[in-house]
Amino acid sequence: SQKIEQNSEALNIQEGKTATLTCNYTNYSPAYLQWYRQDPGRGPVFLLLIRENEKEKRKERLKVTFDTTLKQSLFHITASQPADSATYLCAFTNTGNQFYFGTGTSLTVIP
Amino acid sequence: ETGVTQTPRHLVMGMTNKKSLKCEQHLGHNAMYWYKQSAKKPLELMFVYSLEERVENNSVPSRFSPECPNSSHLFLHLHTLQPEDSALYLCASSQDHRLNTEAFFGQGTRLTVV
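Protein sequences appear in the order of chains A and B.
1 is the number of the first residue of the first sequence in the numbering used here; add one for each residue after it.
1 is the number of the first residue of the second sequence in the numbering used here; add one for each residue after it.
Don't take each hint at face value.
[As the list claims (entries may be wrong)] BS3-like mimics (lysine-lysine), calculated; alpha carbons at most 30 angstroms apart, straight line:
no., chain 1, residue 1, chain 2, residue 2
1, B, K40, A, K63
2, A, K57, B, K18
3, A, K3, A, K57
4, B, K18, A, K55
5, A, K71, B, K36
6, B, K41, A, K57
7, A, K63, B, K36
8, A, K17, B, K41
9, B, K40, A, K71
10, A, K71, B, K41
11, A, K17, B, K40
12, B, K18, B, K41
13, A, K63, B, K18
14, A, K63, B, K41
15, B, K18, A, K3
16, B, K41, A, K59
17, B, K41, A, K55
18, A, K59, B, K18
Because the hints were derived from the structure by calculation, they are not lab data.
For reference, chain B alone in the conformation it holds in the complex (with noise of 0.2 angstroms):
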């Protein structure tokens, strides 16, 4: 196991729902990060939290909420999403955003959008 964990790793909603994805990890780290992986699609970076602060929104829409209570615990809240919001969610996490470590990343939740 990688140290961060991520629950749930099916999750099926409709475009009315609201759910939530969370991702913990226990290495100390003070980065976290949210990232969304479509077919044929490099992995896209969505938001980076360090130390509970947000320092990166890579233009995601505004029914993606995250949110970082502390640095081991990191949240992904969805609402009226679209089918095509349809990915594989990864969270990762790293020492400290501003150096060049490397990141672990979580196993990912698999969402479906009907």
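Just chain A, with the same shape it has in the complex (with noise of 0.2 angstroms):
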């Protein structure tokens, strides 16, 4: 079955540098990955969708890349800030339009 793993459960950085959160999937080839972001107790918010032929995306200071070959993807959030804190969610879409999730990275920005 298809499996997507987020690198860890909790991401500590200080304010002003940038946070990388990585995504691996197993099992699957998906043509598009998208990441969400989560605040507690609230229902995930859309950021950033990328398809397999892009490198990479970016908006405003968040920036995702796809690599097809490392079946990975990388979601970096540069000059962090504390309002960043929140759970950062990947998913892959299949040709219906399901969303797999993975179980989320938990990021602290410390000021």
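If you follow the hints, you should be able to join the two separate chains into one complex; please do so.
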């Protein structure tokens, strides 16, 4: 079955640094990969979508890469701020647009 | 707000009760989804509806019964639940279940079964 793993449960970084989160997948070759942010007690919020033929996607301080050879996506937040503290989820979709999510990585940006 | 509204936000129910979760989307989307989120586990897809027809049922126990009366509303009827069903239940919508577009989630219903 398809499996999606995120590199660690929790990541702590200093304000101003770049946070890098990892998402690895197995047993599937998704055409799309998405990243979401989830705050405690709330539903996930969409951040970025990257297609398999795109190596990199940017949105303001966010950058996502997609390496289909390594079966990995990296999510970067540059110039991190305490307000970036949240859980970040990666997800891929199959042709039926069923979303398969990872367990998420909890990011804490320390002032 | 995401345009997807779930009620109630919190629900405590006994194992013999019957209750329903409600979801409404104001985005004009054709697809709606129910997910279950338990601690330390990935979001689990439960049901997918497209244009009011169920297109996916991921081996969900029959004590969970979905209903989609129109493309804007989705219900999850609950009966004779177990304590392990306690979780955050999330509703989501997307433009079309066949397209790879992003999902818009509601705030979720925190369900506790006692």
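Results of checking the hints against the structure:
1. A threshold of 30 angstroms between alpha carbons decides the hint, and for B:K40 with A:K63 the separation of about 26 angstroms falls inside it, so the pair holds.
2. Of the pairs offered as hints, the one joining A:K57 and B:K18 is violated, with about 46 angstroms between alpha carbons and a cut-off of 30 angstroms exceeded.
3. The suggested pairing of A:K3 with A:K57 holds, with an alpha-carbon distance near 23 angstroms, which does not exceed 30 angstroms.
4. Of the supplied pair hints, the one linking B:K18 and A:K55 is violated, its CA atoms being roughly 49 angstroms apart against a limit of 30 angstroms.
5. With a CA separation close to 26 angstroms, the supplied pair A:K71 and B:K36 stays within the 30 angstroms bound.
6. Distance restraint check for B:K41 and A:K57: the Cα-Cα separation of roughly 27 angstroms lies within the 30 angstroms cut-off, and the hinted pair is therefore satisfied.
7. For a cut-off of 30 angstroms, the pair hint linking A:K63 to B:K36 stands: about 28 angstroms separates their Cα positions.
8. The suggested pairing of A:K17 with B:K41 holds, with an alpha-carbon distance near 28 angstroms, which does not exceed 30 angstroms.
9. For the hint linking B:K40 to A:K71, the alpha-carbon distance of about 23 angstroms falls within 30 angstroms, and the restraint holds.
10. In summary, the hint linking A:K71 to B:K41 is supported, as the alpha carbons are separated by about 21 angstroms, within the 30 angstroms threshold.
11. Simply put, A:K17 and B:K40 have alpha-carbon atoms about 27 angstroms apart, close enough for the 30 angstroms limit, and the pair holds.
12. Of the supplied pair hints, the one linking B:K18 and B:K41 holds, its CA atoms being roughly 26 angstroms apart against a limit of 30 angstroms.
13. With a C-alpha separation of about 45 angstroms, the suggested pair A:K63 and B:K18 falls outside the 30 angstroms cut-off, and the hint is violated.
14. Distance restraint check for A:K63 and B:K41: the Cα-Cα separation of roughly 25 angstroms lies within the 30 angstroms cut-off, and the hinted pair is therefore satisfied.
15. Distance hint between B:K18 and A:K3 is unfulfilled; the C-alpha atoms sit about 34 angstroms from each other, more than 30 angstroms.
16. Distance check on the hinted pair: B:K41 and A:K59 sit about 28 angstroms apart at the alpha-carbon level, within 30 angstroms; holds.
17. Of the pairs offered as hints, the one joining B:K41 and A:K55 holds, with about 29 angstroms between alpha carbons and a cut-off of 30 angstroms not exceeded.
18. With a CA separation close to 45 angstroms, the supplied pair A:K59 and B:K18 exceeds the 30 angstroms bound.
When each numbered hint is compared with the structure, violations occur for hints 2, 4, 13, 15, 18.
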